[in-house]
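Chemist: Going down the list, the protein sequences come from chains A and B.
Count the first sequence with the working numbering and you get residues 1 to 429, in order.
Count the second sequence with the working numbering and you get residues 1001 to 1429, in order.
Hints in this document: simulated from the structure, not taken from any laboratory.
A virtual CB, placed ideally from N, CA and C, is assigned to each residue, including glycine.
Heads up, a few of these hints could be off.
Looking from chain B toward chain A, a few residues come up when the C-beta cut is under 10 Å (computed) [as the list claims (entries may be wrong)]:
1. V1012
2. P1013
3. P1160
4. F1166
5. P1305
6. P1307
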Amino acid sequence: MDRKQCCVKLSVQPSRGLMDEKFLVLVQSVLPGFQLTVYASYRCDDGHSWEAFAHYTANASGTVNVSEDHSLGGTYCGVEPMGLMWSLRPVPGSKPGLRMRKMNVLTPMEVTISVYRGHLTEGFVDQVPLAAVVVERWYMAPGVRRVPVTEGGLTATLFLPSGPGPFPGLLDLWGGGGKLVEYRAALLASHGIASLALDYLTPQITKENDVSVLFYNEWTNVQHPQVIDSRIGILGLSFGTSIALKMAVYSQVFKLRCVVCISGSHVQPIKGSVEQIMTSFHNNVDKTRFNEEQQVIWRDLLLPIPTDPSLKVEVGRLRCPLLMVVGEDDQNWPAHESAVDVKEMMQRAGNDHLLTVLSYPSAGHLIEPPFTPFARASSYKILGPPLQMVMVLWGGETVAHSRAQEDAWRKTLVFLRENLYRATSSSHL
Amino acid sequence: MSPAVPPVLSVVPSRALVDETFRVTVQNLPPGSAVTLHSLHRSEDEDMWEAFGHYVSDQGGSVSVSDDFCFGGTYTGKEAMGLLWSMRPVPGSREGLRLRKRDVCTPQLVHISVYGGHAEQGFAARPPLASVLSERWFMGPGVRRVEVKEKGARGTLFIPPGPGPFPGVLDMWGGGGGLLEYRSALLASHGYASLALEYVNPGELESADMEFKYFETAFNIVRLHPLVSPDRVGFFGLCLGSIMTNYLAAESTAIKPRCCVCVSGVHLYPRGAAFTEVYQAITLKAHKVRLDENNHEIWRYRELPIPGDLSGKVDVGRINCPMLLVNGLDDQNLPTVEAAEDMARMMRAAGNDHLLTRIEYPAAGHLIEPPYSPHFRATKFIKQNREKVTLLWGGRTKPHSDAQEDSWKKILAFLQQHLYANNPPRAKM
């Protein structure tokens, strides 16, 4: 087709959306049977370039509908409405071990979606596309407020939903990598839950024996008139799970309404501070394995699951609903084995009606909000001593992991809404 | 309702183009409870606009505006977008207001809220149960806005994102004058490079000839733009803009539009007259202006009866491109339907009526705008002689809003068929 004569119509609807919303990509006005490549490109805040692409053939009316048609090849195959997002990967020649995480949630991800003639697998930069549009993907809905919290020397950010409130609250805890990661809390606030993203790997917190006292003090400092303090939940990923379970079972000050544990374990010395828990893991460092690419596998550090009750959070004493999300191919934590043991402990104690386990075959450790790119392994900074960078294997397989993220997020939102918003719930008195 | 059990209000998508629909849902209400959904917008002129609807929650405590019936308020029935199109100035506002966005680089912010009970007023006096902020955009991400001052023509050009080339549109407004950008911004968000043209003031140019050259110049600015496909440029006119569109399509030898959209226009034009003479001719007919019971001016009878000879009308038999006419049967400003009848008759006689498509909407008025914008039956208008009057545009809110929604879809389909499709237009006679 002569470029001067043809005008290819590309549209993405909606062109602005939240990160967990789906979009529809439609290509029109090409010739019937035309072979084309739909290409997504994104330059993240760190300056790295990411891309995804898929091969399609137009139908008899000259149209390609990404939500209905099969991708014949590319970074994803088959019918995948959001494949252009979750199959994004660093462009060839990038630094190894990258992981995409948006640290500035006040701006959207701007993804350029374009159409190229033919079934291309490389050299996109050297060609002029037939059409291109820009799509904005936001972590913060309009009206959501971001409130940095620095009282008491703590590092946290509170995200308040739009509206007068009051709202149920959530403590959002990430993993052992540290740093204050805000995007999940921002997205939860966009769904009506006042969420506090907290960096708990600071010396002040890690040395504290009863970390929940510190958190409670923190919470009361932060206490916003728009947050209902009788409706607080906690969500932890990876090491954040250890903190979450500890607080849910042992805290005297926090009466948590529900707990979500993603890719974590209940195995920890139950009387220890955060620092002591981490030390106990480090004591098993000789159980570290490496795969053929020299990527670090840490799942064995907590295996086998101990039978000694003093080495596991007493989940039989839990009084609020618990949602555990695990990937069966998690190479970083023994999340699957832990979930099995948690279920047995709660069955024996008679409180397993509070437990829901979502277990995903071929999903890895980093179960994140949906439509974010998958990383089977990435660079990880060990806080030391000594300070070093390693390549950690998280596990998982792209398609299964991306489906797990989508399913788990939807179910997590339902769980949180049921437990934080509903009038009826188990009494906490 | 106790604040300890807040309802959850969601508007999806929360950021959208003005012609996209949203789903408004409320959950976590007591079953069978009466609630009012309310929308509020503060215009650029600092007027407040609102709409509201009365709903009853189901046994699960949910309300869905798209699926449930509204039993009273500014709209009734099953109306997914009623909270937008039924908006009107809040009680106590100035008379004769019209809502039009001048700055298209920012979104229209609409607060959607839910109140307990079936309220008709006093929304500002009490806090809602929940509230969400919705952004409505005229410009999609990546659309470029370029101010044009070239060869004497003035306007704003909106270019879609992407490498181009794009089909082009010359967008001409009505006799109110000034420069309104929002429709061109929206067309660019749909893939058309669109120039919103500022009108020439009467007496500004020396002759009728030069005035028509103004429009021809503007058309060529679009056509010859490096990002525009030169043989894929059309006209889009409203009211006076439609009159100009008819005239240029039939009589201009310098420009050949690929297709034309005429909303609420006529083909009546004193031959060879300059704008000054046109306006003089209009004032001569002032005795034909009627007043309704509110002293609002009805202008439609000035142009009636439709003249039989060509001295007062465009020779539409000479048009040789597809024409889409969109009119309201209750248009009180121009006799658009009578004119469309006459145009069809003339074109049938000339043998080019296969190019004409007429769409007429019962109970729709003159101002057929992009969908979900509020309906104005009569608003203030400043005439050319600076006199302020209130003009009756006509239409009843619900059928007029349906006409806006339906016509926009048909207009976009028409533009896509003629400006994007790869089939060459039918052989010219």
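Chemist: For every hint, state whether the structure bears it out.
Modeler: Structure-based check of all given hints:
{"no.": "1", "hint": "V1012", "verdict": "holds, 7 Å"}
{"no.": "2", "hint": "P1013", "verdict": "holds, 5 Å"}
{"no.": "3", "hint": "P1160", "verdict": "holds, 8 Å"}
{"no.": "4", "hint": "F1166", "verdict": "holds, 6 Å"}
{"no.": "5", "hint": "P1305", "verdict": "violated, 43 Å"}
{"no.": "6", "hint": "P1307", "verdict": "violated, 40 Å"}
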